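J.: The primary structure of each chain is shown beneath.
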Amino acid sequence: MSLLTYSVRRVVVAVPMLLSVAVLTFVLVHIAPGDPAYYLAGDGGTPAYYALIRQKFGLDRPLPEQLARYLWTVAHGDFGRSLQQGQPVLSLIITRVPATLLLVGSAFVVSAVVGVAIGALVAPRANGFADRAVLGTTALGSALPVFWTGLLLALLFSLRLGWFPVQGMMSSRGSPAGWARAVDVLHHLILPMTALAVQPLAAFSRLMRLKMLEALAEPFILTARAKGLPNARVMLQAARNAVLPVVTVIGGHAGALVTGAVLTETVFAWPGLGRLALDATLTRDYPVVMGVVVIASVGTVIINLVTDLAYAAVDPRITYA
Amino acid sequence: MRSVTSRAVLGIVAVVLTGAPLAVALQPARFGGALVVATSSDPGTLNGGITTASPAHTVADSIYNGLVQLDAQLKPTPDLAERWTIAPDGRAYTFTLARDVRWHDGQPFTASDVKFTYEQVLLKYHARTRGGLESVLESVDAPTPTTVIFRFKRPFGAFLQRADVTEAPILPKHLYEGTDILQNPHNATPVGTGPFKFKEWTRGSQVVLVKNETYFKKGLPVLDQVIFRVLPQASLSMVALERGEVDYLDTLPPADVPRMRASKAFTILPTLAGPGGSFCINTGVFNLTHPPLDNLKVRQAIYYAINREFMVLAVLGGLGRVATAPVSAGVRWAHNASLPPYPHDVARANALLDEAGFGRGAGGVRFRLTYIAATPQIHSAEVIRDNLRDVGIDVNVVPLEFTAAQERTFVRKDFDLAFVSYCNGPDPDIGVKRMYVSSNIQPVLFSNGASYRNPRVDELFDLAAGSLDLAVRGKHYREIQEIVWRDLPYFWLVETFRDVGFNHDLRDPQYWAGNIAERAYWVKPR
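Those protein sequences? They're chains W and G, same order as listed. According to my numbering, the residues represented by the first sequence are 1 to 321, in order. According to my numbering, the residues represented by the second sequence are 1001 to 1526, in order.
If you're looking for bench data, these hints aren't it; they were derived computationally from the structure. In this text, all values refer to a predicted model and were calculated from it rather than measured experimentally. Here a beta-carbon is modelled for each residue, glycine too, at the ideal position from N, C-alpha and C. Fair warning: there could be bad hints in the mix.
Some chain W residues near chain G, calculated using beta-carbon distances under 7 Å [claimed, not checked]: (1) A154; (2) T266; (3) R275.
Taking lysine to any residue and the SDA-like style, the derived pairs with C-alpha atoms no more than 25 Å apart in a straight line are [as the list claims (entries may be wrong)]: (4) K56(W) <-> E1407(G); (5) K56(W) <-> E1177(G); (6) K56(W) <-> A1098(G); (7) K1211(G) <-> P176(W); (8) K1413(G) <-> L63(W); (9) K56(W) <-> Q1442(G); (10) K1199(G) <-> R181(W); (11) K1173(G) <-> A1098(G); (12) K1115(G) <-> Y49(W); (13) K56(W) <-> P1443(G); (14) K1199(G) <-> M170(W); (15) K1173(G) <-> G86(W); (16) K1199(G) <-> I94(W).
Derived list of chain G stretches under chain W, where covered just means 3 residues or more per stretch with a C-beta under 8 Å from a C-beta of chain W [claimed, not checked]: (17) 1129-1135; (18) 1197-1204; (19) 1222-1235; (20) 1238-1247; (21) 1335-1341; (22) 1398-1408; (23) 1494-1508.
So that you can see chain W by itself, here it is in the shape it has in the complex (with noise of 0.2 Å):
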């Protein structure tokens, strides 16, 4: 089966998933108790003002008709207008993809990439001082919750040392731009990237070491060994034999990143997608809790596709049957 045609049939499969999300997040949103007239309105008017607005925003058709009405929608590519803020779903989505995109992708490239190289250099010297502190640090950081960890960095590096701003993605103060603007947003980013990053990175680190522990043992290394092979060489394609299940775990913990990010982004008031998820949760903005959930799981649909396709560039012996 060519790439192609195994990609389009995943992408097949996914449609009857992505539809179930829907449907359950859609029946979800709706029964959890809540009014989203309360939200909109406030407090103090009459029942007569608040069944106004319910008719206003289609709140008091049947569940089953909101829902069709919903999925009818949405198959034109319409995701509707946020009843809290009257825009357009897909333009909110839109305005925070880049905050998010940031955000999860720094995160996901520095855990992956620092994980993998801490892994692959504390297994050579297996029960060292240095893979030793890797396994007691890595444990400590795979146990602390990113909104404790986020804490803590702040607690520390903000208000303790003042090397970095605690919120927000740029300065409110002045607008700059150009290079002064991307060093102002990098400035942002790091806490709440490290802070996302810490509990990845834990895991990545632990799986390739213990992968290339495991390579280390294999006949091919002894064979390359005997023959001479310097040991860069060698370590390089341990290294390379290890770091194929390590990328399988790497696609997969996109997910936990993206809901981790809900948790960074509230801690540290970063634009992003989870703000705007926990934002819409909180005051029943259906529309908009419903646009997320589907786009994030478009986007963790692509992800693994796109980890699958990955797991065949390392390893040629992988074909799609």
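Keeping the supplied structure of chain W fixed, place chain G upon it in accordance with the hints.
T.: Just chain G, lined up with the frame of chain W:
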């Protein structure tokens, strides 16, 4: 969003709560520059005329004006209206509007904007203004470009407190007339008459307002920019304040206050105003339709059983005081200071329950109750659960997210006890009446949650609203308190405070009002 979102309030502040004078040193120089205000969530809309939600008003109230403004003592002072007269029979208010007021787009502001806003926006879409005025307001007339007359069906003494920018922001007729008010694009790009003009809104991040150079109040505003920065995480907002990333926080987390006080870099002022309301009282609601809570002795026993001093110290970190009457002590002219106390008295509570015929059964339990509490109030609810266990009442605390808790209490009425922060607002007619009058037993948030009915109380509220004389109104409100204190449809726990904190170089923020920055200035160049 708490009950009465009126931001008007209480500057009783330091004077009442700490005994210290406000002591703002005279500063010869006033500087503009930017003020960065932290706000806990994105405003959603910038039209304060269609919502009472506090995130929207936090920002929008600096862009618009009301007919009046409330000063720190809650007295109405001129805003868009430079003066007003009230007919002797209390049924007509005539406002003379300020001259030479212009909308931010340069169009002149006139009385027809006021008439339009009330008739087409506020009386339709502003929940509290609609709820409070639609049954009493007869007409709004604009006989000249600078005169507006409000006529009422009966004498109405509580109108001015409802006419500030939070309760009744005036919108531009020329931009809203003939449009779908709820979907009008100017809800996101507002054009007001206020001290600051809208510049940009980065959703989820910040709203930037700039100085209105042609503001109709001479010499104001001083600041060049006000930036409302969205910071959802309270503890990191403190770090942002300490680092100077933001200049103003309208609620400091209690745990951080002692540390902040030690620093000379911040001004910290306790106030009875909350970001979502003023003169708030943490209140327990008895569901009077659920036995045994229809029994007065049981209600009295529950009130005696609760250790409210402990609640103030252990749960609120001292940011509150035991409530001694149904109307907050902050509303001095209406508060009844001579009601007998309900001290923490376990023996008396047990005796009352025995008298009421609820002896202890298996495990020492007399009966069981379900207690609905929103998650921010869960610790207070836990204190009550423990206190009531001591007198043999087994309480099942049901923690729910904020609005879900209010909905279960007020709409579904599926509770025995509920924990609600009722805010009195600048006038008892706004925030107190709704808790007691029988006409407000309806499935609406912050209504008469106890389902309390007393014809004399209904009558007294009407009498109080119908008088223009504060002394007469106060007398009626004090009598109401005597009655409900005796009937106990609620148990009033604690009057809550908050601490507002801002950069020490900032002066004159109107932290009790919606429009916090109109008069504010820096004493050093920024």
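J.: Against this structure, judge whether each hint is valid.
T.: Against the structure, the hints come out as follows:
1. A154: 6 Å, holds
2. T266: 5 Å, holds
3. R275: With a minimum Cβ separation of about 5 Å from chain G (threshold 7 Å), the hint on R275(W) holds.
4. K56(W) <-> E1407(G): The given pair, whose Cα atoms are some 20 Å apart, holds under the 25 Å limit.
5. K56(W) <-> E1177(G): 18 Å, holds
6. K56(W) <-> A1098(G): Roughly 36 Å between the alpha carbons, so the hint for K56(W) and A1098(G) is violated.
7. K1211(G) <-> P176(W): Given that 25 Å is the threshold and the Cα spacing comes to 21 Å, the pair holds.
8. K1413(G) <-> L63(W): Holds, because 23 Å separates the two Cα atoms, which is no more than 25 Å.
9. K56(W) <-> Q1442(G): Roughly 22 Å between the alpha carbons, so the hint for K56(W) and Q1442(G) holds.
10. K1199(G) <-> R181(W): OK: K1199(G) and R181(W) at ~20 Å, within 25 Å.
11. K1173(G) <-> A1098(G): 17 Å, holds
12. K1115(G) <-> Y49(W): Between K1115(G) and Y49(W) the Cα gap is close to 20 Å, so the pair holds against 25 Å.
13. K56(W) <-> P1443(G): 19 Å, holds
14. K1199(G) <-> M170(W): 17 Å, holds
15. K1173(G) <-> G86(W): The hint holds at about 20 Å.
16. K1199(G) <-> I94(W): Holds - the C-alpha atoms of I94(W) and K1199(G) are around 21 Å apart, at most 25 Å.
17. 1129-1135: n = 4 at 8 Å, threshold three: holds.
18. 1197-1204: Contact hint for the region 1197-1204 of chain G vs chain W: holds, 3 residues under 8 Å.
19. 1222-1235: With 7 residues closer than 8 Å to chain W, the region 1222-1235 of chain G meets the three-residue bar; holds.
20. 1238-1247: Since 6 is at least three, the answer is holds.
21. 1335-1341: With 0 residues close enough to chain W, the hint is violated.
22. 1398-1408: holds (count 7)
23. 1494-1508: Per the Cβ count (0), the hint is violated.
Comparing the model with each numbered hint stated earlier shows that hints 6, 21, 23 do not hold.
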